[in-house]
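Peer 1: Single-letter residue listing:
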Amino acid sequence: MSCEGYRDKLIVALASGAGSLDGDVATHLGTCAACEKFYEAQVNLFGAIDSGLRAMVNEAVPASLLPRVRARVAEAGTPHGAWGFSWGFEAVAVAAVLLISVGLLKQSPDSRNKVNDRIPVVFQGARDAKEVTPEQPRVIAAGPKLSSSEVKMVAAPSVRVTAPEVLVLAEERAAFEKFVKNLPEEREVAVAFTRPATDAKDEGVEIALLQIDELDVKPLESANR
Amino acid sequence: MRELVLIQPGRTLEGPTAREHERARADREFEERLTECGPLAFRVAYGVLRNAADAEDVAQEALLKAYRNFGRLREPARFRGWLVRIAFRMALDRWRSVKRREKRETQGEQSEPRAAGPTVEELAVSSEFQARLERAMEELPEKFRLVLLLAAIEGYTLEEVSGMLGIPMGTVKSRLFFARKKLAEKLR
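Here the protein sequences line up with chains U and G, keeping their order.
Under the numbering used here, residues 1 to 225 are what the first sequence spells out, in order.
Under the numbering used here, residues 1 to 188 are what the second sequence spells out, in order.
It should be emphasised that the hints constitute simulated quantities derived from the structure, not laboratory data.
Warning: the hint list may mix true and false statements.
[Stated by the list, open to error] If you anchor each label on the Cβ, the simulated ranges turn out as follows: (1) G:R135 - U:G47: 28 to 38 Å; (2) U:N58 - G:S97: 23 to 33 Å; (3) G:E185 - U:A93: 46 to 56 Å; (4) G:E185 - U:R70: 21 to 31 Å; (5) U:E75 - G:E154: 24 to 34 Å.
[Unchecked claim] Some chain U residues flagged as far from chain G (calculated, every beta-carbon gap over 12 Å): (6) C3; (7) G17; (8) G23; (9) A34; (10) A55; (11) A71; (12) V73; (13) E75; (14) A76; (15) A96; (16) F176; (17) I212; (18) D213; (19) L220.
Just so it is clear, CB atoms sit at the ideal spot from N, CA and C, and this is done for glycine as well.
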């Protein structure tokens, strides 16, 4: 190894604060006067750096520092408001998150798809039938003069309506209209109509036996009298 | 230190009493931290600013800031690390603004002579080498500089420096190594 290599090695040793040099470096220093001189200069340099750094930071702390801080702390008042604020803020944040979570949990898929107050009626027979939004349930009353082709047009898959459709016979149209008109007042009925049936299987209904607490039997003669 | 609180029979510690008790406890804890870490904040600031008055101002500000945030800095190790970093950053900010002001002043007609000349002590300490060392330090990246300063403060081991900065011991050693090597290159 050249002298340059040994010098690099000894700088690494000094910079890392290693107490001793590697064996080969120490041997080289014993045989090379120039490197020995370089090493001594580096030891002095690192020593000066360390003492310079110590002088830089180990300045005597002014006696006034802590009393002045205490005075300023007393002036500023206790930061308990700030601590309280931080806790209060955290509490409010947690409460808000909880409320939102509970709200989302409560909003079941059934309730999300709940029926609108006003269910539009579209008469297929009428040419000026209004468009309905896909979210709204659509009631179609089949007119008496509908041809089969017109019915096909209604049932065509190109109509992108996700809401349920109801076909009503012409003679039942008036009654159905009345029923639909009254639906907003009878929301439970509307919900029952529009909600899908539950998957639960029908189970037998148990009827309790008739119980007679007291039986007053009177003689026939007295009853006739 | 554990505390005993006397409560009347049949009464619980709640409401304003509990809050006052908590305040008093927090104040005592802060006083402990202040006594322990106040000098550290000053030394870190002094290592950057090299001016006792400025360093004292910065340390005060840093400690006041720590007091305001004491609610989340009550753990001693966390408090010390936070204080060291904030004092270092504030000192750097102050140092930069001082440098900018000096630059503006020297760009004017003639730089005014310093109001107060260097004291005998300042003259003794500020040898040519010290001045070069300070300049070399200013050129180091901040993370190397902070580790060098903390490692040079008396009474703190490398392990404590590692804890203060929240970095592994190996990182502290490698930063120290590169910082010392760089300083030596600049000063050689």
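Peer 1: Take the hints in turn and mark each one as holding or not.
Peer 2: Going down the list of hints, with the structure as the test:
| no. | hint | in the structure |
| --- | --- | --- |
| 1 | G:R135 - U:G47: 28 to 38 Å | 19 Å, violated |
| 2 | U:N58 - G:S97: 23 to 33 Å | 25 Å, holds |
| 3 | G:E185 - U:A93: 46 to 56 Å | 51 Å, holds |
| 4 | G:E185 - U:R70: 21 to 31 Å | 45 Å, violated |
| 5 | U:E75 - G:E154: 24 to 34 Å | 32 Å, holds |
| 6 | C3 | 16 Å, holds |
| 7 | G17 | 7 Å, violated |
| 8 | G23 | 21 Å, holds |
| 9 | A34 | 15 Å, holds |
| 10 | A55 | 6 Å, violated |
| 11 | A71 | 10 Å, violated |
| 12 | V73 | 5 Å, violated |
| 13 | E75 | 9 Å, violated |
| 14 | A76 | 7 Å, violated |
| 15 | A96 | 21 Å, holds |
| 16 | F176 | 65 Å, holds |
| 17 | I212 | 59 Å, holds |
| 18 | D213 | 54 Å, holds |
| 19 | L220 | 76 Å, holds |
Hint compliance for this structure: hints 1, 4, 7, 10, 11, 12, 13, 14 are not met, and every other hint is.
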